[in-house]
Amino acid sequence: MTKLDSKIPSGALKDKWTNYKNNINLVNPANKRLIDVIVVGTGLAGGSAAATLAELGYNVKAFAFQDSPRRAHSIAAQGGINAAKNYQGDGDSIYRLFYDTVKGGDYRAREANVYRLAEVSANIIDQCVAQGVPFARDYGGLLDNRSFGGVLVSRTFYAKGQTGQQLLLGAYSAMNRQISRGKIKMYNRHEMMDVVIVDGKARGIITRDLVTGKIERHGAHAVVVGSGGYGNIFFLSTNAMGSNASAAWKIHKKGAYFANPCFTQIHPTCIPVAGELQAKLTLMSESLRNDGRIWVPKNMDDVKAIRAGQLKPTQIPEENRDYYLERRYPAFGNLVPRDVASRAAKERCDAGYGVNATGQAVYLDFASAIERYGKETAHVQGLDENDKALVTKLGKQVIENKYGNLFQMYEKIVDENPYETPMMIYPAVHYTMGGIWVDYNLMTTVPGLYAIGEANFSDHGANRLGASALMQGLADGYFVLPYTIGDYLADDIRTGPISTDHPAFAEAEKEVVDRLEHFINNKGTKSVDTFHRKLGLIMWNKCGMARNKEGLTSAIEEIKVLREEFWKEVRVPGGMNEFNDELAKAGRVADYLELAELFAKDALHREESCGGHFREESQSEEGEAKRDDENFKYAAVWEYTGNPGEAILHKEDLVYENIELKTRSYK
Amino acid sequence: MNLTLKIWRQKNANDKGSMVDYQISDVSPDMSFLEMLDVLNEDLITKDEEPVAFDHDCREGICGMCSLHINGEPHGPDKGITTCQLHMRSFKNGDTIYIEPFRAKAFPIIKDLIVDRSAFERIQQSGGYVSVNTSGNTQDANAIPVPKEDADMAFDAATCIGCGACVAACKNSSAMLFTSAKVSQFALLPQGKVEAKKRVQDMVAQMDAEGFGNCSNTGACEAECPKGISLENIARLNRELIKAKTAVKH
Amino acid sequence: MSKSGLFKSSIGRKLAMALSALFLMIFLLQHLFINLTAVFSEDAFNELSHFMGTNPLVQFVAQPILIFAVVFHFVMGMYLEMKNRAARPIAYKKVNGAANSTWMSRNMAISGLVILAFLVLHFIDFWVPEINHKYIAMAPEDPTRYYGELLHKFSNPARVVAYIVAFGLLALHLLHGFGSAFQSMGQNNKYIDGLKKFGVFYSIVVPLGFILIAIALYVTGLK
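Residue numbers (the working numbering), protein chains in the order written: chain Y, 1 to 667; chain W, 1001 to 1250; chain F, 2001 to 2223.
What the hints contain is simulated information worked out from the structure, not anything from laboratory work.
A couple of the hints might just be wrong.
What the hints assert, rightly or not - BS3-like mimics (lysine-lysine), calculated; alpha carbons at most 25 angstroms apart, straight line:
| no. | chain 1 | residue 1 | chain 2 | residue 2 |
| --- | --- | --- | --- | --- |
| 1 | W | 1105 | F | 2134 |
| 2 | W | 1198 | Y | 526 |
| 3 | W | 1197 | F | 2190 |
| 4 | Y | 160 | Y | 523 |
| 5 | W | 1079 | W | 1047 |
| 6 | F | 2094 | W | 1006 |
| 7 | Y | 160 | Y | 412 |
| 8 | F | 2153 | F | 2134 |
| 9 | Y | 183 | W | 1171 |
| 10 | Y | 253 | Y | 560 |
| 11 | Y | 626 | Y | 667 |
| 12 | F | 2094 | W | 1171 |
| 13 | W | 1079 | Y | 160 |
| 14 | F | 2153 | W | 1092 |
| 15 | Y | 568 | Y | 667 |
| 16 | W | 1011 | Y | 523 |
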């Protein structure tokens, strides 16, 4: 327990960060030149951290498995980024953003971290605008805002449906500036294989050049991991194909504790699975729920007719439709938070009302929005509001302006026109709130080893609000880590360059090579993907949107069996010293097979429902999630002891001094 | 449906490479093109052959990782999408599909269908940024209003995903559309104007040094660009460079 | 920062192509105008030809500039074409160029070469005899000789056909080249649509004018 010191500064909540910065150790500019920092992952968190650290004067080595930092999956974020700017004058404030985030996270996040996040949020926008990020603007030339699920103000800044892309390109351009100055050495198509611990401190990493297969040693005074989340443990998710948990899992095995692995966000509006060979799920932005109404048929006969292709959804009259979110949650309706919307869809589909061939889809219908907007427009333009054809035409134009690219994307994938027939959607794995445990400095339980962005556990509790992931990634990278890392590095100014000749490097390298050789030499019969798909099914069925003791217990057993089979039966074609995608995938799936067990173990131990974690045993009579603050108001922090099943649980008690714990209700 | 695939196989950068024929059956029209290749690769692995190497990541058309020259066009026959968004319903039973890597001297082949696009990285590094520190002491975001029209045009240019389809489509392997998109984004915004002259000269010099061909305004890049980046950006790039090069030096 | 000259960059070279092209397009208009007079007035044609053939400004300033522009446009065009080909050392097995661009835009070098071959013929037909007449044989100037020589040349149907083919390709060359020149000069703004329409008009009407004049002269010669 001694290792779990969150290092939250004392004092009033609103002064903590300021006072802390005033008293923190600094490294003077001349000494920064003597210090090397490794950054693994170059998404919003890693990219912004690498750029800022290099600007400050540190020598940065940055690593990405893609061919460019610009490809990191942060790029796929659509909706926007929150910031407490209060440009709209609608009563937003740092406190309100802080409050919304803690409440949205179902009271499982650390107050001080979230407050700091809200505090620096406004500065992110200033920073990005200065970098040339083309945010949406109004006709006065000022920045525009939109609103997102679960909040009462307009604080989301956006660049059409490509906010993540534009923010990442901003961080990427800041990196490029430092690369051209020689302050960042960029290693593209390099995968981190392990972290190297020397005398208890993180002092470097072992990497594999994905093009040549070369194993390399890199030494540094500190290592920062910003490698994203582990949603791909489900095989099917909205994550990129290459997104993986290996860096995080490797550092966990070397001593960094892993917190709340079971906290997963299932996003309610994704395009349903179409076939067994599908490799990836596509998200439809949450913003669609502003105008789309979610429903399934009321009568089982209609469901059957739809599945048999004898009936079209547009033929079902209003009275035979079940707008179940509006029915269950009249106050928030279709705009309930993501976890609630996802579970409600699952509930209807489990009851047999799913509307596609697999029975796992519900309708997201824009017909009434088209009519409403059409009538409004007709009224404004002085046209006939009762001309149905005209109203529909005008309404479609409004919808096209708002969501055109999303509708087009849907049509490309599903081959149905969502202007004419309702979209079909189903929840899919999207984000992981759990991750590497970090203290207030974003340092893990290993000195000199940091985790930032989605890779850490800190700010979103048990459920993340929309447009907050981008905010956290950039806050960590631009504004938090570059300060807090100085506190640690101040002791390292006389250390000198880290030699990679230390036995710890040799040992880590040998482990890496041994494992790779095992894969290449293993004469198995099944591809890596076969195992990944099987793991995904176990996770989805037993550790997905609803979990129970029985399912989780059997999941743990199934994962163990699958892991053993994997090591015996996996087949990896090709060699080690060449480009070999299967070899890279094998390593990642091997790590998932371990992390999955810890995931299930964590889910099993948390006998309460909170945020994205829903235990069937812990629900109200109406089927709503029931949190247990008396017994589970803590972050579950796991220590690796050689086997994921035998991880030791540490508890970081979450203290709420500024917010009163309440039951989340959206009724 | 059943298809014949003609795929470029090349073991590494030094290998000569050749087209190899593959038969694939039971392809569902709802599959994406890359899922079809996944199936082919699964099949090859079970037969103990080497799978076809191709770049891909987000599979939703935004990361720019996927490439492929399919039946004579980058990202295949459909317009306005990347290869990962191409679906098999765009093909017919019995079709023969040519799958080749993006070809350019500046994009050397790494393996099979994977090319090295680091020339794009170097172009960006030569000036594709605003020289502002990320330390946090910046002025308020609304201190400089930007006309909506300029902001929108800058955004449209900024949506480039750096996939390289423009180079692959161009008969001259020119990187003008790519370079112009970045130059335009910054040239249109007040934050980027400060360094505009230096930026355009540096980026064009790097583009030329990488061995890309010259633009001859065929418009193939614009037609094949998955993000619809407009040729107007190339005109703007030309204008910016002419302006910068003919500016009176102080 | 690279502060080397504009014309050392790829864009500068394209600009040079565009500027020489614009000059040639203006020349073409002037040439068409003089040819046109041949259809309507033998005297006017003779008068203008005599002026062009003997005016020192035309002969010793304009003519060398024109020759330079032609040679420059050709040499630079071929140089760029070679560079462009080198930028893709391994060709695609399958290219569907029609899916993204026009035939003329992809084959400017071919249409250009045909036009060049025609220019050689044209030089042998008109320019070489003229130079010979004036500066080598030092023959006395007869201000009424031009029309007759012109009619004589166009009495050969093979030449008329060559003329038609060459100007057909010139039309294709211009259909891409006209708009392309403005794009290379960085002009892609609100006027560009009108300019492009004018470009199409110019690219069809000017070569067609030359072709019709050639046919008209052939027909006149038959009488």
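Results of checking the hints against the structure:
Between residue 1105 of chain W and residue 2134 of chain F, the direct Cα distance comes to roughly 52 angstroms. Violation of the 25 angstroms bound is thereby established for this hinted pair. Of the pairs offered as hints, the one joining residue 1198 of chain W and residue 526 of chain Y is violated, with about 55 angstroms between alpha carbons and a cut-off of 25 angstroms exceeded. As the CA atoms of residue 1197 of chain W and residue 2190 of chain F are separated by approximately 24 angstroms, the hinted pair is consistent with the 25 angstroms bound. Annotation: proposed proximity of residue 160 of chain Y to residue 523 of chain Y is violated, straight-line Cα distance about 50 angstroms (limit 25 angstroms).
Our distance criterion of 25 angstroms between C-alpha atoms is broken by residue 1079 of chain W and residue 1047 of chain W, whose separation comes to about 35 angstroms. Pair hint residue 2094 of chain F plus residue 1006 of chain W holds up; C-alpha atoms about 10 angstroms apart against a cutoff of 25 angstroms. At most 25 angstroms may separate the alpha-carbon atoms for a hinted pair to count; residue 160 of chain Y and residue 412 of chain Y meet this at roughly 19 angstroms. Taking the CA atoms of residue 2153 of chain F and residue 2134 of chain F, the gap is near 19 angstroms; set against the 25 angstroms cutoff, the hint holds.
Taking the CA atoms of residue 183 of chain Y and residue 1171 of chain W, the gap is about 37 angstroms. The hint is violated against a cut of 25 angstroms. Our distance criterion of 25 angstroms between C-alpha atoms is met by residue 253 of chain Y and residue 560 of chain Y, whose separation comes to about 17 angstroms. A threshold of 25 angstroms between alpha carbons decides the hint, and for residue 626 of chain Y with residue 667 of chain Y the separation of about 14 angstroms falls inside it, so the pair holds. For the given pair, residue 2094 of chain F sits about 12 angstroms from residue 1171 of chain W by alpha-carbon distance, which is consistent with the 25 angstroms threshold.
For the proposed pair residue 1079 of chain W and residue 160 of chain Y, the alpha carbon gap of about 21 angstroms is at most 25 angstroms, so the pair holds. Our distance criterion of 25 angstroms between C-alpha atoms is broken by residue 2153 of chain F and residue 1092 of chain W, whose separation comes to about 57 angstroms. Proposed proximity of residue 568 of chain Y and residue 667 of chain Y is contradicted: the alpha carbons are some 51 angstroms apart, above 25 angstroms. Proximity of residue 1011 of chain W to residue 523 of chain Y is assessed by CA-CA distance (about 22 angstroms); at most 25 angstroms being required, the pair is judged to hold.
Checked against the numbered hints given earlier, this structure breaks hints 1, 2, 4, 5, 9, 14 and 15; the rest are met.
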